[in-house]
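Trainee: These protein sequence lines map, in sequence, to chains B, H, V, G, X and W.
Residue numbering for the first sequence follows my numbering, starting at 1 and increasing by one per position.
Residue numbering for the second sequence follows my numbering, starting at 1 and increasing by one per position.
Residue numbering for the third sequence follows my numbering, starting at 1 and increasing by one per position.
Residue numbering for the fourth sequence follows my numbering, starting at 1 and increasing by one per position.
Residue numbering for the fifth sequence follows my numbering, starting at 1 and increasing by one per position.
Residue numbering for the sixth sequence follows my numbering, starting at 1 and increasing by one per position.
Source of the hints: derived by calculation from the structure; they are not laboratory data.
A hint or two may mislead.
Claimed, not checked - Coverage of chain H stretches by chain G, computed from C-beta distances (three or more under 8 Å per stretch; other residues unrestricted): (1) 21-31; (2) 60-71; (3) 80-92.
By construction, the Cβ of each residue, glycine as well, lies at the ideal position given by its N, Cα and C atoms.
There are 6 protein chains.
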Amino acid sequence: MGQDKYSHPYVETATGVLGQVDAQAIPRYAGIGTFARLPQRHEVDDYDIAVVGVPFDSGVTYRPGARFGPAAIRQASRLLKPYHPALDVTPFATAQVVDAGDIAANPFNIDAAVDEIRVGIRGLLSRPGHKVVLLGGDHTIALPALQAVNEVHGPVALVHFDAHLDTWDTYFGAPCTHGTPFRRASEQGLLVKDHSAHVGIRGSLYDRADLLEDAELGFTAVHCRDIDRIGIDGVIEQVLARVGQYPVYVSIDIDVLDPAFAPGTGTPEIGGMTSRELVAVLRAMRSLNIVGADVVEVAPAYDQAEVTAVAGANLAYELISLMVG
Amino acid sequence: MGQDKYSHPYVETATGVLGQVDAQAIPRYAGIGTFARLPQRHEVDDYDIAVVGVPFDSGVTYRPGARFGPAAIRQASRLLKPYHPALDVTPFATAQVVDAGDIAANPFNIDAAVDEIRVGIRGLLSRPGHKVVLLGGDHTIALPALQAVNEVHGPVALVHFDAHLDTWDTYFGAPCTHGTPFRRASEQGLLVKDHSAHVGIRGSLYDRADLLEDAELGFTAVHCRDIDRIGIDGVIEQVLARVGQYPVYVSIDIDVLDPAFAPGTGTPEIGGMTSRELVAVLRAMRSLNIVGADVVEVAPAYDQAEVTAVAGANLAYELISLMVG
Amino acid sequence: MGQDKYSHPYVETATGVLGQVDAQAIPRYAGIGTFARLPQRHEVDDYDIAVVGVPFDSGVTYRPGARFGPAAIRQASRLLKPYHPALDVTPFATAQVVDAGDIAANPFNIDAAVDEIRVGIRGLLSRPGHKVVLLGGDHTIALPALQAVNEVHGPVALVHFDAHLDTWDTYFGAPCTHGTPFRRASEQGLLVKDHSAHVGIRGSLYDRADLLEDAELGFTAVHCRDIDRIGIDGVIEQVLARVGQYPVYVSIDIDVLDPAFAPGTGTPEIGGMTSRELVAVLRAMRSLNIVGADVVEVAPAYDQAEVTAVAGANLAYELISLMVG
Amino acid sequence: MGQDKYSHPYVETATGVLGQVDAQAIPRYAGIGTFARLPQRHEVDDYDIAVVGVPFDSGVTYRPGARFGPAAIRQASRLLKPYHPALDVTPFATAQVVDAGDIAANPFNIDAAVDEIRVGIRGLLSRPGHKVVLLGGDHTIALPALQAVNEVHGPVALVHFDAHLDTWDTYFGAPCTHGTPFRRASEQGLLVKDHSAHVGIRGSLYDRADLLEDAELGFTAVHCRDIDRIGIDGVIEQVLARVGQYPVYVSIDIDVLDPAFAPGTGTPEIGGMTSRELVAVLRAMRSLNIVGADVVEVAPAYDQAEVTAVAGANLAYELISLMVG
Amino acid sequence: MGQDKYSHPYVETATGVLGQVDAQAIPRYAGIGTFARLPQRHEVDDYDIAVVGVPFDSGVTYRPGARFGPAAIRQASRLLKPYHPALDVTPFATAQVVDAGDIAANPFNIDAAVDEIRVGIRGLLSRPGHKVVLLGGDHTIALPALQAVNEVHGPVALVHFDAHLDTWDTYFGAPCTHGTPFRRASEQGLLVKDHSAHVGIRGSLYDRADLLEDAELGFTAVHCRDIDRIGIDGVIEQVLARVGQYPVYVSIDIDVLDPAFAPGTGTPEIGGMTSRELVAVLRAMRSLNIVGADVVEVAPAYDQAEVTAVAGANLAYELISLMVG
Amino acid sequence: MGQDKYSHPYVETATGVLGQVDAQAIPRYAGIGTFARLPQRHEVDDYDIAVVGVPFDSGVTYRPGARFGPAAIRQASRLLKPYHPALDVTPFATAQVVDAGDIAANPFNIDAAVDEIRVGIRGLLSRPGHKVVLLGGDHTIALPALQAVNEVHGPVALVHFDAHLDTWDTYFGAPCTHGTPFRRASEQGLLVKDHSAHVGIRGSLYDRADLLEDAELGFTAVHCRDIDRIGIDGVIEQVLARVGQYPVYVSIDIDVLDPAFAPGTGTPEIGGMTSRELVAVLRAMRSLNIVGADVVEVAPAYDQAEVTAVAGANLAYELISLMVG
């Protein structure tokens, strides 16, 4: 399969799934770029995990540009290899992972776009085992993602890595922006009450009430300034205790990383996590049942030497590896 | 005035108007940056020309970022000096020019934004002599600018510098985007029939019909490929013949310049005008009655060494100089 | 076709060919990026023109990086639209144009790579009507391209746009580098004797003999410094007179453009052509029988805001339009 | 106030002070940019803390460009919000904070500039409660700042964050450069003997004597390489023990941060502090009586995606928050 | 010579002079970089033309950074080859050209620096045939260069390529800055009265008097806006007529080029010359007796892909070629 | 010596060796740039440590460009000063350190290049005390470096800092690439069996077997993810225990640093070491007998504000300081 009908010689693995394009046959920088040089959705019969781009950034309040996030992350993902040594998994052989392309979302109408994204993701979750990893796009897209996941799994626990709470109410009258998805998700009952956590919070806020309201909505927050005190092990402990046994949705705003590690984003905040810390927390979540995830707010126009896009690609790879782990 | 009450020692000119901050007293790189280091609107009793930012870019179809255009153009405008040798005018002494700040426009609702921009510009045109130069922002803002100008002056002739026609109909169902302002303006009767011109058109189109419909809407187009044939003098002749004696609105999409001269924009097209050509055409328009103008689509995230923003600042300076000439 | 089986809703044109992804359905910045959002080779039964990437840059003598040229040009080609107004053609409806992906070439062995590229291109020319547009890659690739074209068409006339002659003999003992393809081609009898031309030559040389030997090999050169004297019309006249009625191969080294228009390349030379001039020359070649072409030496690591990649994409579009014209 | 007379709708806080422009009314990216979108000095009757730019960089020994620091920091400060959760303060409501514009300093005569800066800052300290936060400019400006502060408060304890000691003697015969302010300050009796500390020192030196002389001048140094050994708590302990109960001046050379966190500076040294560490040390200083402070050596021409300018803006925000804490 | 004693295998030419490092033996990107990979001054017994860096930028009024100009131009000059086809000369074989290193100039005291530069250049002109090409640094250095040239040759005709007149009087009290060298030179009798010309002037001025005073000082100006009217031939005619038979000093401020061609400079002005035009004017000056020259205001921190530095290197190469022509 | 004969006034130190150019006489940004402004090899009679560039990058599998590494590191090394406080050594006074220029290596033939590099380095090790620090170039160069070192010292212990193992077998049939030097070195008996260590390993691999084969080849690996668990002290302990008393070769691939600290490299991996960590490990190796070392994979085209080049220069400085310690 593949070699005859399609342009890329995907490696057919022992488990029968179609893996990446063979890097010994085609250099990594060559070929039309799917995520991790994996097959497209239509090139396989079925899949376990679909990586899908959501190039939508009309919900941003400061620097736009995340609409080019999926293209940049795909380009940066050419460096990903099949074996994940820290988790000791070979994700693209263990599961059929595909690049499902991008969901087209209306750039001029947020409500329409949210609906299009929800429908698009729902379509990727057509059987129970289907899992999805979104490449944003701005954080607005987490709301329709949670809506779609909810239709399949019911309320989920959320593990949300971000510099910001994203539980504001409205901005310029708009209920759905990149600063509001988790308030909306909470209001719509998409989250298991009191089993969600923010990790990496920092930076100035509008008001002390921001924190109080966030707690009332059922979130707990691990602030960045706590990390040195409780250590990464402490962070992991808090996260695992919080989510319990529920199905989990993981949302990673790339700005959870310090701007040194992720300059290409819209609302940078100093004092952030290092990529080593973030990866350590993620890898500790291997026992969880992650049913969906996103990596958002990669804005390539502000990136340098693909540093942010490479981070985005690797974080998606970590998420996939957790899903198959 | 100024020195006591405000932070900047504006030069009080012989004509009584308040000019730029004195560059012999305060280095050009110093001070909070208004356009050309001119007084703000509230620092003078009245004004002749108001420069106003419109940081709105929710109407773009490709690269966003022009919302940071006004800030970048202001920063780049620090280099502007009081005397324009080619036109032999001293615009900031001849007329009271002010920086009227930015118009706040809803980033999440194009229709609301268009209305806010129209109201904002209308407010700057409170007496007949008032003229306005907009710093965009994407090209969507030309529509509310023309609406406001129309309320004062009635239909105007449009001289539109751009790589693109901007007379498309809708895009993703939206009637007001950066690709549609002049079709809407034509439909709304804001333009004097058959007295408007596009200059600098080039690049691929959707269909041959794009050109036909544009002509039906009452526009004529000077294509970039014609310039070498008819020369800049030929371009000038066509433009002047077209607009006649009507009041004129000049709209400059920075992408009328070749990407070499203006890389920091959203939809670059090769084969464009040089800045020397553009300036030559503009200066030939000194006899026209320009009642309003804009410089749009400067997207700083794609700029290099302020090349595009410097172009934007100088083009605004040319427009002001024409208005006082 | 297309919509069901493949991920992208390609426009099915009146002529029956499968065109670009519909920009009214999917925003230009969305979707896995083929050249101009055209179908891949395996998505159609046959094709007229194949666009193919050749990500090989091991033949460079100064700045490497053109191996990322195909990916960058594809990304920049998202802005291309179906109708070419200057030539009044709709290339993607008139002919079936496809993205044939990239040819894998050995980065560590130039001779092996040259052979792989020749075989790859030959495979794309499997019936007489097939035409090919290469996206480089460094200029080394023009040699195997000419070899493959020769197998089908016999000797061709070459129109070569470049700052450099590329007829040097060897460099560090290597006969095939980006500075030597056209000496090798001449020696191998791939070119019709005395019917080939360089356009845009400039910059310092090793020796006066470089020019003499180039002439002896059967080339004529239009130097950049001649353009202002003879005009673009003069350049066109010389080119057309030179190539006569022979089948033509067009090779465009992006450094034929001045570094202002194409900073992202390996061996920049000042005093180059503008993109407007280059496009004007190309469009005058519409009567020629162009059987193959390339756009090479786009090195994205040195690019700014995709200026060079956008030029590369548009030049490929011009070439395709000439081929269908 | 504000709305009628001035261009920006500053939030009038419950405490009667005029705060930031309302981000719900005017997007953060809009409006002429004062620091943190705060009122200018002339827009309020009096103030508690004045933020003032000092765009002077004629004292640098390597990369210049910090003269554009104030403009870049102001632009980056648009993201600052009113509430500081880690310190639990609302600085712009607790105190009247203003942007006092820039001090004009002669770029061609260091001695004249030092005097102009001293006079300028002294003018901002016209009553005992006035505090000042300088935005540099290069580190030369710390000397006149200390001179002005001394006129009001007498000798102060200095907490100096920097990769470099800045206690060299002369360079090319000049006594006042960015490498010498604290030797001069010590010689001029501006510092309380033996109560000043450098934090973050690292990199190569001219001579072992540099350290000895620095100690003789009354400084102690916390080297970057000590941080992993003694921890941030150890650093804090040393700093607090050192400064005692004296009024404190805090001087932050942005190069105390590792170049990863602050690439946009003049003399980068590897092995630096992270922004999280720096902020942790600063926040532990809340009990101190900080009477003046600076953030210097932000050189925007070397910055990437405003990473350094955002750091500068946030550090100024931390300093203001400490002053009101 | 050379190969044994020094690290680089310079080509010994038929004329006995020591030329560039052999590009067939050592790749252009290799080796410690002198200008054009030429010998250093101490590696030859005598020389005809000395290229010398003057890394001084303390005279700038806006963006600093030209102190890194010589290093950047040297790096970019690696691409220069021995034969100049347009002038049909082999400059490095016809004359002994050397890289004389950099003149150390005090960055903190302009007067001291001017004197150091004058002495340094005078030292390079120790016999009548010696000629010098300076690599700036800012335009301040043209004054000491003219002083040194005057000591040898007496008053000279100046051909000055620049966007700006550089005949202002003082700025912040300083008589020697990058805006004043030619007024000082005129006052000091360094120029032959009424035989000097500015070429490429454009942009806004302080006052109409700027032009009048410039004319009174004995200059004529070819404005950029004239070029399209009189053509390059007209420019050449005016320049040649102006300088007559006098010894000539050529001063090239890189900002005479449009920012598209030279973004890396301190005070960019739109509407400038193309590099092709500039080179055409220069080449027409081959009959002149050029005794000294400079290329100034290359500020690498604002450059992109070495575009500006490559222009600087090539312009120095043109000047050298004219000197030997 | 030096001042008379050569262009730079090197400091003659008390120990009789010729040190850096005097920074009080010539500003750091001035002068033709050798590494750390040290003498060239031919400017001294003999030397202890030779710093030598190896601008070769034809062995890379992804982003090329390290051929410009030596030039960029030299330029960034201008900031290095003579005294290393952490190690309390004055390396350029304790030992005669020279810049031996670059080794010319064939860019088109890897085998030839490997041989040229081996010969070049061997030539620098002409007496037992000679030590060498290589500035790469890509990691391919470590193989000929080890071969040359072996000829003098026999098998050595390797301390290898890298994100990648670099013990792959072949890639596209080539045995010598930047991914294979240490497998080849092991096979060729260049390493003391079981006394070599990788430090900083991370990122995805091709197969679990990669790790097993690496161990079979005699390597141990300290993974980046272990650092937080065992601490830098633990890393040091493992390294020291591993290398024992053997002569040591230290190879630093700059990508051992996180991309935040070294964006300018070819195959970035997130989750890397900080420069503070790396320097701490290096400094703990002062008791070792380091006979040779390299710093490789600095690719300037991807760098930002010289961050990576500055790291490369400082790491070379650390290595030299260890060699003299």
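Trainee: State for each hint whether it applies.
Mentor: Consistency of the hints with the structure:
Only residues whose beta carbon comes within less than 8 Å of a beta carbon in chain G count, and the region 21-31 of chain H has 6; three or more means the coverage holds. Coverage of the region 60-71 of chain H by chain G holds in this model, with 4 residues showing a Cβ closer than 8 Å to a Cβ of that chain against a need of three. Here the region 80-92 of chain H counts 0 residues with a CB under 8 Å from a CB of chain G, which misses the bar of 3, and the coverage is violated.
Comparing the model with each earlier hint shows a violation of hint 3 alone; every other hint is respected.
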